[in-house]
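**Q** This is what each chain is made of:
Protein chains: 4
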Amino acid sequence: MIVVMDLHSTEEQIKKVEERLEELGFSSHLIRGVEKIVIGAVGGNREAARERLELLPGVEKVVPVMAPYKIVSREYQEHGSIVKVGELSIGGEEIAVIAGPCAVESRETLLSAAQAVARSGARFLRGGAFKPRTSPYSFQGMREEGLEILAWAREKTGLKIVTEVINPQDVELVASYADILQIGARNMQNFALLKEVGRQEKPVLLKRGMSATIEEWLMAAEYIASSGNSNIILCERGIRTFETYTRNTLDVSAVPLVKQLSHLPVLVDPSHSSGNWKLVAPLALAGLAAGADGLMIEVHPNPASALSDGPQSLTPAHFHELMQKLAPLAQLMGRSLRQEALVS
Amino acid sequence: MIVVMDLHSTEEQIKKVEERLEELGFSSHLIRGVEKIVIGAVGGNREAARERLELLPGVEKVVPVMAPYKIVSREYQEHGSIVKVGELSIGGEEIAVIAGPCAVESRETLLSAAQAVARSGARFLRGGAFKPRTSPYSFQGMREEGLEILAWAREKTGLKIVTEVINPQDVELVASYADILQIGARNMQNFALLKEVGRQEKPVLLKRGMSATIEEWLMAAEYIASSGNSNIILCERGIRTFETYTRNTLDVSAVPLVKQLSHLPVLVDPSHSSGNWKLVAPLALAGLAAGADGLMIEVHPNPASALSDGPQSLTPAHFHELMQKLAPLAQLMGRSLRQEALVS
Amino acid sequence: MIVVMDLHSTEEQIKKVEERLEELGFSSHLIRGVEKIVIGAVGGNREAARERLELLPGVEKVVPVMAPYKIVSREYQEHGSIVKVGELSIGGEEIAVIAGPCAVESRETLLSAAQAVARSGARFLRGGAFKPRTSPYSFQGMREEGLEILAWAREKTGLKIVTEVINPQDVELVASYADILQIGARNMQNFALLKEVGRQEKPVLLKRGMSATIEEWLMAAEYIASSGNSNIILCERGIRTFETYTRNTLDVSAVPLVKQLSHLPVLVDPSHSSGNWKLVAPLALAGLAAGADGLMIEVHPNPASALSDGPQSLTPAHFHELMQKLAPLAQLMGRSLRQEALVS
Amino acid sequence: MIVVMDLHSTEEQIKKVEERLEELGFSSHLIRGVEKIVIGAVGGNREAARERLELLPGVEKVVPVMAPYKIVSREYQEHGSIVKVGELSIGGEEIAVIAGPCAVESRETLLSAAQAVARSGARFLRGGAFKPRTSPYSFQGMREEGLEILAWAREKTGLKIVTEVINPQDVELVASYADILQIGARNMQNFALLKEVGRQEKPVLLKRGMSATIEEWLMAAEYIASSGNSNIILCERGIRTFETYTRNTLDVSAVPLVKQLSHLPVLVDPSHSSGNWKLVAPLALAGLAAGADGLMIEVHPNPASALSDGPQSLTPAHFHELMQKLAPLAQLMGRSLRQEALVS
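Protein chains in written order, with my numbering: chain H, 2 to 345; chain X, 2 to 345; chain A, 2 to 345; chain Z, 2 to 345.
The hints are simulated quantities; they were obtained by calculation from the structure and are not laboratory data.
Hints may be right or wrong, so weigh each one.
Stated by the list, open to error - Lysine-lysine pairs mimicking BS3-like chemistry, simulated, CA-CA at most 25 angstroms apart: (1) LYS37/X to LYS260/Z; (2) LYS260/Z to LYS326/H; (3) LYS260/X to LYS279/A; (4) LYS62/H to LYS260/A; (5) LYS37/X to LYS71/Z; (6) LYS17/Z to LYS62/Z; (7) LYS62/X to LYS62/Z; (8) LYS260/A to LYS279/X; (9) LYS279/A to LYS37/Z; (10) LYS37/H to LYS62/A.
To be verified - Examples of chain H residues toward chain A, derived with CB under 10 angstroms: (11) ILE3; (12) VAL5; (13) SER28; (14) LEU31; (15) ILE32; (16) ARG33; (17) GLU36; (18) LYS37; (19) ALA42; (20) VAL43; (21) LYS62; (22) VAL64; (23) GLU76; (24) SER212; (25) ARG241.
Claimed, not checked - If you want the footprint, here are the derived chain X segments under chain A, 3+ residues with CB under 8 angstroms: (26) 211-223; (27) 236-249; (28) 285-295.
Cβ atoms here follow ideal geometry from the backbone N, Cα and C, with glycine treated the same way.
Isolated chain H (complex conformation) (with noise of 0.2 angstroms):
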């Protein structure tokens, strides 16, 4: 910690200062320039100490170096982290897609969807059945029984079941159902939630917040790891700008930035980052070649009746030449990617 006294800061407020650092457990290192005093502060407990050293007369900014997130960093475990889910994979050599439907609506539109994209080689099936909407007259979702569906279509196809949990009272619920619990984009910084996520063992996805930066995302995963779950699967939807032809903007960079800060694997979203199924091919491909460990796809058998999210989502035909497209760059990338598949 860097500690930048004011211009005209008196020798009596450097020493408060260098007696606050101190108390807190640091040791101090006075440097003198033409223009300015600094102070450089290590070995102490950074823990609230920015703040209560800001407010001490003369100083002018505490510049923080260390990142604030531990378990999740790069520096704390230099290899990528594999995240199991049963017999399968995320962040290994086989690059995980995630698709199906934004809600589950009804036994046979998941199956078909289920089917579809397990048929072009799919091995996680998404689908919400509590859905968190902007609007309290948009469609809710299913609650328990989309669960049961969820899990009767993986029944029926084999197909690992992600999906999402929006609040702390249902996370055993839907625990009991998923492979996979989701933390959407609004609730990345619903800390009871990641608190409650963090106490049991199945893996999480984690989607960034709309306006999160990349640290603030890091730390809502640390909320998890250090809540006692370390299977933490990271996953990029876009974020808010002031661009109006997308609903959100990609970030990119945020894929190859957070596989240098942390270990922990990260998948692109090219469905809810657009909001609009045109784009989602040309960002599922920019996702993987940035070297994204999957992607989170949304396919509905019928995107025009589908009850949310219908514009951005691909028919299965659309996301079967999606996967040709996939394969040979997983290859390119150093990756894999499954193909085809038999469905019972």
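Here the structure of chain H is known, so what remains is to put chains X, A and Z in place on it, guided by the hints.
**A** Coordinates of chains X, A and Z only, in the frame set by chain H:
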């Protein structure tokens, strides 16, 4: 709703759109321009209609004409709402001032803050018992013990208490102590929580999410209102922008805009907006001048030792000085502000 | 300047950084922490030093300690600057009000606007002769004829004239007519233009770029000042954010912040901030309450027939009403505002 | 164009709107809904119509239906444009790679960079002679001497040269040396400059402004095209967002979007997007995978001694490695990339 057709859309495609509109209960009106064809649609079920139309072949875009919020809109209720909090009210002639520390830290600190702000004229005491912190390693609040301390300070000072709830499970508990339940910026789209506070009767202070549009903010209010509780107070607390000299950017335009679009009262929080106590006074004055119904201000007896948000907290002396500047401005705006009070 | 070394940096790498610092004229101080090593560096040539150090092996990041602007900083000059415009001044006790139409459209319209704003107390007339328009098909301004009309209106009303220059080649011409040269938001980093207005003597009104940080804005002012002209007036006019209900988001915090960081006077433009005349009055009041030295407001005798920016222009009657609200607020802020004037 | 009337608009107000539409050459169609009245308007003069209608009493808002750009739109020309640069072209089957240092610093450095990038397969050499720098105290470029050095390097290597022009007065001079004139991000809305490069014949590389919407970017291209020069190449270089770990956020979605909206070729600049050489390779790959027609990459023989932008420059060795990864990806995308070249 207006459906804009592609330049090259066919007669058959146009017919399909008209049929779909009819299915959804709309009556449609075709307008043929030199370059584009648009279809005006009125009277139908707008839920999901937009998404279902956008995917039909030949459709370029669908433009909604109505705002998506209803109960909280100014069109629904022409006169401004006045929210009753016991014998006090927010949204009426008197400017509401909510002041106090970021978090409840101890009996003495809270009482000292409460007595100070009451003495300077505030009628509401803020203080967090459940704290949503970016880092899992930061102080997370005193929980129920904090609520008890708040209630005790209310008894000692007569101030109404405003405190945050972050978990749907805690709503009943927090409501049993608080006079106003606060929904923080990070939970503005925690829909499970919004529904829960909508099912009880205590007034709800709804902070704007740091990347929420005004429309999304009003939709969050609509969640609470549509669950049964219309005692809602909005609070602008700064939005996330590219500027880094302030923690957030106070969107002061939101005050007059929300007043046009909605009948709900709106406050300004100059402390979280800026993250810098030196900016609190000018931003509080600006908020009032823009037409806010009140202010929410962090005050701590000793900011340099606060467990959170010290850098943006005023000392009691600075708060007193600010209240003396606010009073004549309130009068200028045709409002009033209590300036001094007797404290037991 | 603080150099933060990588966790795994070697002794040799540290030595290389120290040598490079010495070459650049810095004296360096090594601080060894438990986890990180930082090197404090003082006294050297900061230009390009940061970039040259960041690339050395073992360096994680370089943190600057000094602000990059000099002449315009509050550290350079403690008291606020007062910019003289003939017998008037901006930055002193009197609030400066610059009002008038977006563009000079004709002799009659301009004179009508000028007489109206003068009558209500404004001392400065705005009006664009050279217009930077987003579309090449929009009205581009009357050019030199517009300047002549402005000069003629000055003669008739006694108002000082403020007009925009958009091409370095036109600076001499515009300066021969105008009392204040305006640099528009889109040209805030048009460095050729900044240098050119810095080489002449007329005061320069420098609008903040719509995505400029406060630091970049002050650096743009530094360009003008370092070219020889310190008669600079800053003007906040809204920044680009995700919010779409307003054209831009007025960053009202910029007013007190700039006052802390710089000695230059700062105005607020509520018209371009909002793009909506209904928000102009509340934002003008907010700007003044936040400590602005003046306002820049669009007024048009008949907004519905204006060639540009009609929707954000006040009518003379609304402007008059606003001036009557501003006067007592100015007084409250320890300033004054001329309210009525005799017009020839 | 669609005019949406207020809930409480009167018959007289509606009539006024219809009359005004007629004056502006539109034919109008009234649609009465249960809650709102909308008026569809076709065929008239859209310039300024929106603003003039929005201010009429009873009008809530005006929604444009047509995009404001014409010549550069995909509707104007269905097939993608191929821009000729001597015997080479951009937008055709071959991926264009423009590489070289940020600024021309000396004869030796430039030649060394040029030979290196040519050897690895680039066909275009970048290098700034006129530099737009945030600080007036930073290196401002070698000006005409820099142009001469670029021309000399062209002779030595056969590379086409791409260099920036920042002042309308210099367009003729720069065009007499360069093969492609670059308009930098900060000048994207320097309309005087856009018109000037539109009046000459050399191809123009138009970078996206850091806070420009895609629509504004295409409008800037329209300025150049409507001045007579349609040889325009677009270049996405990152936009300004709240994220601070990267200098800008590469908006990779802009690539497929611009391809839908316009017929112009589009490049990606991964160096300025990120400001960090470690991210350049993944972002270059992502750009190509998203469908870009080429890349613009900073390469410096010795980044740690570069006069500007060192931290984002690749060494020749890293650039060579990147080109070898790009070639098979280009093939996968149905394009080609020259990988090795003979250099004189």
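**Q** Taking the hints in turn, state whether each one holds.
**A** Status of each hint after checking the structure:
no.: 1; hint: LYS37/X to LYS260/Z; in the structure: holds (21 angstroms)
no.: 2; hint: LYS260/Z to LYS326/H; in the structure: holds (19 angstroms)
no.: 3; hint: LYS260/X to LYS279/A; in the structure: holds (11 angstroms)
no.: 4; hint: LYS62/H to LYS260/A; in the structure: holds (18 angstroms)
no.: 5; hint: LYS37/X to LYS71/Z; in the structure: holds (14 angstroms)
no.: 6; hint: LYS17/Z to LYS62/Z; in the structure: holds (15 angstroms)
no.: 7; hint: LYS62/X to LYS62/Z; in the structure: holds (17 angstroms)
no.: 8; hint: LYS260/A to LYS279/X; in the structure: holds (11 angstroms)
no.: 9; hint: LYS279/A to LYS37/Z; in the structure: holds (21 angstroms)
no.: 10; hint: LYS37/H to LYS62/A; in the structure: holds (20 angstroms)
no.: 11; hint: ILE3; in the structure: holds (5 angstroms)
no.: 12; hint: VAL5; in the structure: holds (5 angstroms)
no.: 13; hint: SER28; in the structure: holds (9 angstroms)
no.: 14; hint: LEU31; in the structure: holds (9 angstroms)
no.: 15; hint: ILE32; in the structure: holds (4 angstroms)
no.: 16; hint: ARG33; in the structure: holds (7 angstroms)
no.: 17; hint: GLU36; in the structure: holds (6 angstroms)
no.: 18; hint: LYS37; in the structure: holds (5 angstroms)
no.: 19; hint: ALA42; in the structure: holds (8 angstroms)
no.: 20; hint: VAL43; in the structure: holds (3 angstroms)
no.: 21; hint: LYS62; in the structure: holds (9 angstroms)
no.: 22; hint: VAL64; in the structure: holds (5 angstroms)
no.: 23; hint: GLU76; in the structure: holds (6 angstroms)
no.: 24; hint: SER212; in the structure: holds (8 angstroms)
no.: 25; hint: ARG241; in the structure: holds (5 angstroms)
no.: 26; hint: 211-223; in the structure: holds (count 4)
no.: 27; hint: 236-249; in the structure: holds (count 7)
no.: 28; hint: 285-295; in the structure: holds (count 7)
Checked against the numbered hints listed earlier, the structure breaks none of them; every hint is satisfied.
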